[in-house]
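Need the complex rebuilt from these two chains, each delivered in its own frame; the hints are there to steer you.
Below are the chains, spelled out letter by letter.
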Amino acid sequence: EAQVTQNPRYLITVTGKKLTVTCSQNMNHEYMSWYRQDPGLGLRQIYYSMNVEVTDKGDVPEGYKVSRKEKRNFPLILESPSPNQTSLYFCASSEIQGRNTEAFFGQGTRLTVV
Amino acid sequence: GENVEQHPSTLSVQEGDSAVIKCTYSDSASNYFPWYKQELGKRPQLIIDIRSNVGEKKDQRIAVTLNKTAKHFSLHITETQPEDSAVYFCAASIGGATNKLIFGTGTLLAVQP
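Each protein sequence line maps, in turn, to chains A and B.
With our numbering applied, the first sequence closes on residue 114, and no number is skipped along the way.
With our numbering applied, the second sequence closes on residue 1113, and no number is skipped along the way.
One thing to keep in mind: the hints can contain errors.
List of simulated lysine-lysine pairs, DSS-like, C-alpha gap at most 30 Å [said to hold, decoys possible]: (1) B:1042 - A:18; (2) B:1071 - B:1037; (3) A:71 - A:57; (4) B:1037 - A:57; (5) B:1037 - B:1058; (6) A:57 - A:69; (7) B:1068 - B:1037; (8) B:1068 - B:1057; (9) A:18 - A:57; (10) B:1042 - A:71; (11) A:57 - A:17; (12) B:1058 - B:1022; (13) B:1057 - B:1022; (14) B:1042 - A:57; (15) B:1071 - B:1057; (16) A:17 - A:65; (17) B:1042 - B:1058; (18) B:1042 - B:1057; (19) A:18 - A:65; (20) A:57 - B:1071; (21) B:1057 - B:1037; (22) A:69 - A:18; (23) B:1042 - A:69; (24) B:1037 - B:1022; (25) A:17 - A:69; (26) A:65 - B:1042; (27) B:1022 - B:1071; (28) B:1037 - A:71; (29) B:1042 - B:1022; (30) A:18 - A:71; (31) B:1068 - A:57; (32) A:17 - B:1042; (33) A:65 - B:1037; (34) B:1022 - A:57; (35) B:1071 - B:1058.
Pair by pair, the computed Cβ-Cβ distance ranges are [unchecked claim]: (36) B:1095 - A:2: 21 to 29 Å; (37) B:1020 - A:56: 29 to 37 Å; (38) A:80 - B:1081: 44 to 52 Å; (39) A:73 - B:1069: 39 to 47 Å; (40) A:56 - B:1046: 19 to 27 Å.
In case anyone wonders, no lab produced these hints; they're calculated from the structure.
The structure displayed is predicted, hence computed values, not measured ones.
Note that CB positions come from ideal geometry on N, CA and C, so glycine has one too.
Just chain B, with the same shape it has in the complex (with noise of 0.2 Å):
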């Protein structure tokens, strides 16, 4: 079946530094990659998102860079700062059009202060 695979499962970084976290897929008719973000005890809240028909997409400090040659997309954190510490998830749609989606297994990131 299709699969999403993330790495690292758990990524330390200073406070200040730049955090990426990277994922593959495998279903060629992905066209939809949402990235959420998982603070401890709470629900995913979906944090940046990035649709086939671009490369890249930023929001301040947060940037997702998509190659669909490769089926890898990739989520950029810089100038990290304590309150980023959460889990995060990457996810791609199965199907070109459907709502559902294939998750990645998660990253943990602590930012260290």
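Excised from the complex, chain A in its bound form (with noise of 0.2 Å):
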């Protein structure tokens, strides 16, 4: 089954305590990125990554950090959280540009920084 997996779905944690959030697509697609989702806000992009080794920041890259070692494997790592990073975390992959097509979502993490 073609999915986006996000693990954990919950976290919470205290501020300063380092953490990752991983994300992992059977599709094999190039293009993953990472949102994060406020009310009132919509969904935000923080960093994006067109294939392995390539990322580059989105529209709200402060605080955070992703890798792409691997084509399928896009973590998202918030190396001193605050609480302000306290929100609704969604990855996704879609195919390589100029196609833009379909981005497919996974289930999401819900982060609480206390």
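Here's what the structure looks like:
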């Protein structure tokens, strides 16, 4: 089954404690991205990657890091989480640029930073 | 920067009525306009999309229209049903050759039985 899998689904952590949210897709998609969803603000892109070892900032990259060492995985790293990073996070993948095809979303990770 | 504006933020209709959600975009190079539906507690899922070379696309009770001159596009849902209740997001591609999407802020549609 074609899917994007995120882990964990729920996470409560304390300010400053490094965490990683994993994302994996099995559709051989080149393009992967991370979004955060906040009430009234919609989905805002954090980082995206067009292929292995190619990553770039989205609209709200501050406080986040990503890596793309393998095509299927695109982890989101919060080196020193702060309460304003409390949000619902989605990973998404799609086929390569130029074809503007459907973005497939993971099931979401609800992060609370206290 | 580029942006997408979406209205209304909430919409309540009676079952069987039609619902219309409107979006405007700023990037003249945008050429792909998807609509996503997000049910409560679920992930966003694509319901319909339109590319810049067509003005309208229909899929059963759902239709999308695009006016490139005015830079706006709309989602039309006819004969609404309670299962249509969800948050709907419009999006526009940024630039002519990337998958980068800018999303609207969402519309919460409530269909009253």
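A quick look at each hint next to the structure:
1. Restraint check: the Cα-Cα separation between residue 1042 of chain B and residue 18 of chain A comes to about 26 Å, which is no more than 30 Å; the hinted pair holds.
2. For the given pair, residue 1071 of chain B sits about 22 Å from residue 1037 of chain B by alpha-carbon distance, which is consistent with the 30 Å threshold.
3. For the hint pairing residue 71 of chain A with residue 57 of chain A, the CA-to-CA distance comes to about 18 Å; that is within 30 Å, so the pair holds.
4. A C-alpha spacing of about 26 Å is found between residue 1037 of chain B and residue 57 of chain A, which places the hinted pair at or below 30 Å, so the restraint holds.
5. A threshold of 30 Å between alpha carbons decides the hint, and for residue 1037 of chain B with residue 1058 of chain B the separation of about 16 Å falls inside it, so the pair holds.
6. The straight-line distance between the Cα atoms of residue 57 of chain A and residue 69 of chain A is roughly 17 Å, inside the 30 Å bound, and the hint therefore holds.
7. Taking the CA atoms of residue 1068 of chain B and residue 1037 of chain B, the gap is near 23 Å; set against the 30 Å cutoff, the hint holds.
8. Pair hint residue 1068 of chain B plus residue 1057 of chain B holds up; C-alpha atoms about 14 Å apart against a cutoff of 30 Å.
9. Simply put, residue 18 of chain A and residue 57 of chain A have alpha-carbon atoms about 20 Å apart, close enough for the 30 Å limit, and the pair holds.
10. At most 30 Å may separate the alpha-carbon atoms for a hinted pair to count; residue 1042 of chain B and residue 71 of chain A meet this at roughly 25 Å.
11. For the suggested pair residue 57 of chain A and residue 17 of chain A, the alpha carbons sit about 23 Å apart, so the restraint of at most 30 Å is met.
12. A C-alpha spacing of about 16 Å is found between residue 1058 of chain B and residue 1022 of chain B, which places the hinted pair at or below 30 Å, so the restraint holds.
13. Between the alpha carbons of residue 1057 of chain B and residue 1022 of chain B the distance comes to roughly 15 Å, so the proposed pair stays at or under 30 Å and holds.
14. About 26 Å separates the Cα atoms of residue 1042 of chain B and residue 57 of chain A, which keeps this hinted pair within 30 Å; it holds.
15. Only pairs whose Cα atoms come within 30 Å are accepted, and residue 1071 of chain B paired with residue 1057 of chain B is accepted, the gap being roughly 16 Å.
16. Pair hint residue 17 of chain A plus residue 65 of chain A holds up; C-alpha atoms about 14 Å apart against a cutoff of 30 Å.
17. Between residue 1042 of chain B and residue 1058 of chain B, the direct Cα distance comes to roughly 25 Å. Compliance with the 30 Å bound is thereby established for this hinted pair.
18. At most 30 Å may separate the alpha-carbon atoms for a hinted pair to count; residue 1042 of chain B and residue 1057 of chain B meet this at roughly 26 Å.
19. This hinted pair checks out: residue 18 of chain A and residue 65 of chain A have alpha carbons roughly 11 Å apart, not beyond 30 Å.
20. Straight-line distance between C-alpha atoms of residue 57 of chain A and residue 1071 of chain B comes to about 26 Å, which keeps the hinted pair within the 30 Å bound.
21. For the proposed pair residue 1057 of chain B and residue 1037 of chain B, the alpha carbon gap of about 17 Å is at most 30 Å, so the pair holds.
22. With a C-alpha separation of about 20 Å, the suggested pair residue 69 of chain A and residue 18 of chain A falls inside the 30 Å cut-off, and the hint holds.
23. For a cut-off of 30 Å, the pair hint linking residue 1042 of chain B to residue 69 of chain A stands: about 28 Å separates their Cα positions.
24. For a cut-off of 30 Å, the pair hint linking residue 1037 of chain B to residue 1022 of chain B stands: about 14 Å separates their Cα positions.
25. Distance hint between residue 17 of chain A and residue 69 of chain A is fulfilled; the C-alpha atoms sit about 23 Å from each other, no more than 30 Å.
26. Between the alpha carbons of residue 65 of chain A and residue 1042 of chain B the distance comes to roughly 25 Å, so the proposed pair stays at or under 30 Å and holds.
27. For the hint pairing residue 1022 of chain B with residue 1071 of chain B, the CA-to-CA distance comes to about 11 Å; that is within 30 Å, so the pair holds.
28. Between residue 1037 of chain B and residue 71 of chain A, the direct Cα distance comes to roughly 27 Å. Compliance with the 30 Å bound is thereby established for this hinted pair.
29. Note on residue 1042 of chain B and residue 1022 of chain B: the hinted pairing holds, with a Cα-Cα distance of about 23 Å set against a maximum of 30 Å.
30. Distance restraint check for residue 18 of chain A and residue 71 of chain A: the Cα-Cα separation of roughly 24 Å lies within the 30 Å cut-off, and the hinted pair is therefore satisfied.
31. For the hint pairing residue 1068 of chain B with residue 57 of chain A, the CA-to-CA distance comes to about 28 Å; that is within 30 Å, so the pair holds.
32. A distance of roughly 27 Å separates the Cα atoms of residue 17 of chain A and residue 1042 of chain B; the hinted pair therefore holds under the 30 Å criterion.
33. Proposed proximity of residue 65 of chain A and residue 1037 of chain B is supported: the alpha carbons are some 28 Å apart, at most 30 Å.
34. With a CA separation close to 28 Å, the supplied pair residue 1022 of chain B and residue 57 of chain A stays within the 30 Å bound.
35. Under the criterion of a C-alpha separation no larger than 30 Å, the hint pairing residue 1071 of chain B with residue 1058 of chain B is consistent with the structure, at around 19 Å.
36. With their beta carbons about 26 Å apart, residue 1095 of chain B and residue 2 of chain A fall inside the hinted range of 21 to 29 Å.
37. Checked against the hint of 29 to 37 Å, the pair residue 1020 of chain B and residue 56 of chain A passes, with Cβ atoms roughly 35 Å apart.
38. A hinted range of 44 to 52 Å for the beta carbons of residue 80 of chain A and residue 1081 of chain B is consistent with their spacing of about 46 Å.
39. At about 42 Å, the CB distance of residue 73 of chain A to residue 1069 of chain B agrees with the hint of 39 to 47 Å.
40. Between residue 56 of chain A and residue 1046 of chain B the CB atoms are about 23 Å apart, so this pair conforms to the stated range of 19 to 27 Å.
Violated hints are absent here; each numbered hint is respected by the structure.
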